[in-house]
Amino acid sequence: MPLLEVTDLKTHFHTRNGIVRAVDGVSFSLEKGQTVGIVGESGSGKSVTCYSMLGLIPMPPGKIEGGSAIFDSINLLNCGEKKLRQIRGKRISMIFQDPMTSLNPYLRIATQITEPLHLHMGMSKNRALKEAIRALDEVGIPEPETRIQMYPHEFSGGMRQRVMIAMALITKPEILIADEPTTALDVTVQKQILDLIKERQRELGTAVVFITHDLAVISEVCDEINVMYAGNIVERAETGQLFKNPRHAYTRALLKSIPAMHAKGDELYTIPGLPPDVSQPINGCAFRPRNELGERNKCLTDQRPKLKDTGADHWVQDCPGCLA
Amino acid sequence: MSYLQLIDLKTHFPVKNSEPIRAVDGVSLEIQKGEILGLVGESGCGKSTLSRTVMQLIAPTGGRVILNGEELTSFNPSEVRRRRLDFQMIFQDPYASLNPRMTVFSTLAEALRTRQPELKGTELNQAIAELMERVGLDWRYIRNYPHEFSGGQRQRIAIARALAPQPKLVIADEPVSALDVSIQSQILNLLKGLVADLNLTMIFISHDLSVVRYIADRIAVMHFGKIVELGESEQLMENPSHDYTKELLAAIPRIRDRA
Numbered sequence: 000m001p002l003l004e005v006t007d008l009k010t011h012f013h014t015r016n017g018i019v020r021a022v023d024g025v026s027f028s029l030e031k032g033q034t035v036g037i038v039g040e041s042g043s044g045k046s047v048t049c050y051s052m053l054g055l056i057p058m059p060p061g062k063i064e065g066g067s068a069i070f071d072s073i074n075l076l077n078c079g080e081k082k083l084r085q086i087r088g089k090r091i092s093m094i095f096q097d098p099m100t101s102l103n104p105y106l107r108i109a110t111q112i113t114e115p116l117h118l119h120m121g122m123s124k125n126r127a128l129k130e131a132i133r134a135l136d137e138v139g140i141p142e143p144e145t146r147i148q149m150y151p152h153e154f155s156g157g158m159r160q161r162v163m164i165a166m167a168l169i170t171k172p173e174i175l176i177a178d179e180p181t182t183a184l185d186v187t188v189q190k191q192i193l194d195l196i197k198e199r200q201r202e203l204g205t206a207v208v209f210i211t212h213d214l215a216v217i218s219e220v221c222d223e224i225n226v227m228y229a230g231n232i233v234e235r236a237e238t239g240q241l242f243k244n245p246r247h248a249y250t251r252a253l254l255k256s257i258p259a260m261h262a263k264g265d266e267l268y269t270i271p272g273l274p275p276d277v278s279q280p281i282n283g284c285a286f287r288p289r290n291e292l293g294e295r296n297k298c299l300t301d302q303r304p305k306l307k308d309t310g311a312d313h314w315v316q317d318c319p320g321c322l323a
Numbered sequence: 000m001s002y003l004q005l006i007d008l009k010t011h012f013p014v015k016n017s018e019p020i021r022a023v024d025g026v027s028l029e030i031q032k033g034e035i036l037g038l039v040g041e042s043g044c045g046k047s048t049l050s051r052t053v054m055q056l057i058a059p060t061g062g063r064v065i066l067n068g069e070e071l072t073s074f075n076p077s078e079v080r081r082r083r084l085d086f087q088m089i090f091q092d093p094y095a096s097l098n099p100r101m102t103v104f105s106t107l108a109e110a111l112r113t114r115q116p117e118l119k120g121t122e123l124n125q126a127i128a129e130l131m132e133r134v135g136l137d138w139r140y141i142r143n144y145p146h147e148f149s150g151g152q153r154q155r156i157a158i159a160r161a162l163a164p165q166p167k168l169v170i171a172d173e174p175v176s177a178l179d180v181s182i183q184s185q186i187l188n189l190l191k192g193l194v195a196d197l198n199l200t201m202i203f204i205s206h207d208l209s210v211v212r213y214i215a216d217r218i219a220v221m222h223f224g225k226i227v228e229l230g231e232s233e234q235l236m237e238n239p240s241h242d243y244t245k246e247l248l249a250a251i252p253r254i255r256d257r258a
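Protein chains in written order, with numbering that gives the first Met the number 0: chain A, 0 to 323; chain B, 0 to 258.
Be aware that a few hints might be false.
The list that follows gives simulated cross-link-like pairs (lysine to any residue, SDA-like), each with its CA atoms no further than 25 Å apart [said to hold, decoys possible]:
#, chain 1, residue 1, chain 2, residue 2
1, A, 255, A, 150
2, A, 190, B, 67
3, B, 245, A, 319
In silico negatives: residues of chain B with every beta carbon more than 12 Å from chain A [claimed, not checked]:
#, residue
4, 11
5, 13
6, 21
7, 50
8, 68
9, 81
10, 119
11, 191
12, 253
If you're looking for bench data, these hints aren't it; they were derived computationally from the structure. Where is the CB? At the ideal position from N, CA and C, for every residue including glycine.
Based on the provided sequences and hints, a complete structural model is requested.
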């Protein structure tokens, strides 16, 4: 049985401009110790997918319309806030893109990093502080005994992200959700943080859900990749397989449009148009209007294509116009 | 003779009771007309201060900036203000760099009139329509406000605004970093096409080396206020000679098993 199994998750937002179908039938699973990536452009629903599992969607306007997310035989989507609180921050933790806005600027690092230890483990103040200093040491913060008494603004961006990682992993969670954890960082710092996440994951056996829009980053850290488009997963495969043999027209177009895959001087491929407006109901294949690499006229128009296994655990939306 | 010449340019910021911060510390560069020079480096390396110094927004502590044979660093403030039209910038965040209360028309009209104050009526409309077409915006959106556009379209407006005063030098500071992958390629193609068509000279600042390699003719790597390596872009990416460049290249995530 997988550690986490998400089935047909639907999260919609009821706004004045209509119903925004941010996540519209997403299914994936996560095994113990595995790293699964979710890649997609802004608005594709990758963050909302993860926020839904942790009960972090503001309701209203958000509403979970259906589906389940089973973790240790508990359905996270309807288990109630009380139960969720025992899981969130202890067994499933999260790190965000911007460590400046996710740390409280008024509180010392010590106060913030020991909080989960008090709340979830009932540790005494002294023991929690010792534990926290050890955690900072493990993520490579120099002089943790003095640094722990400082405030977030006294740390650089990379150091703050290290603090966030230490904080997220201090309760030895089974799942870590990392939402664009390196997007705000410089390349060299990004590498340090990615290496750190991998190293800590190996030591603790944590499973990681890694959300990003950066295909290169995701190719380096993930075992398996889900490609999201307009609230759906359009393709899922083992990392090497996905880059070697992308099958959905959107994945192929995405890979064609990044400069890293081009010789110098080549015109970059551009996907025409814009992602669809998910506040309008989408009937049929969501990628149809932008599909140039496949055969647009063969795309489904009456129903959203379902994911199907094309062999070797390579799942692609079954749309005759997009599949190659 | 090169079009833009920087000679031992220095910009230091004084710090009370301490050594000054040497944000730009002896940079010498030459850029040819029609060239795209990529400038890479991490945050805090001085690349933004360097671009602001070249734009004459900050007075240099030492050194000279020569554009098209004229020494900009010798001009008095009012002269500098008149020359400022020759330099235009494109910023990272198209959400923050456009005035939310101005339509595309008024944004572009203002920019065009800086160079040609007499422009009005049908001529002005036509000039704006031309600009919009050039950057791939439909002229029907001429009366729309920035919030009605997507990030990529907003960046197109910002590019049109930068082109309006017919600049001699465009500095693009992380122009595609805030955009999605599929939109990023549209803007990169646009910038490349504009530089070729209009014979623009451009300094392209980015931390994304794969983007810089793709668009720039030469790359300058900046570290602690100094240019540590400068070279033709493929060459520099394939055979970096400075340790810092090697470190930077090693840190870029790469796609495994490239198709």
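Report the numbers of all earlier hints that the structure fails to satisfy, in ascending order.
-> 1, 2, 3, 11, 12
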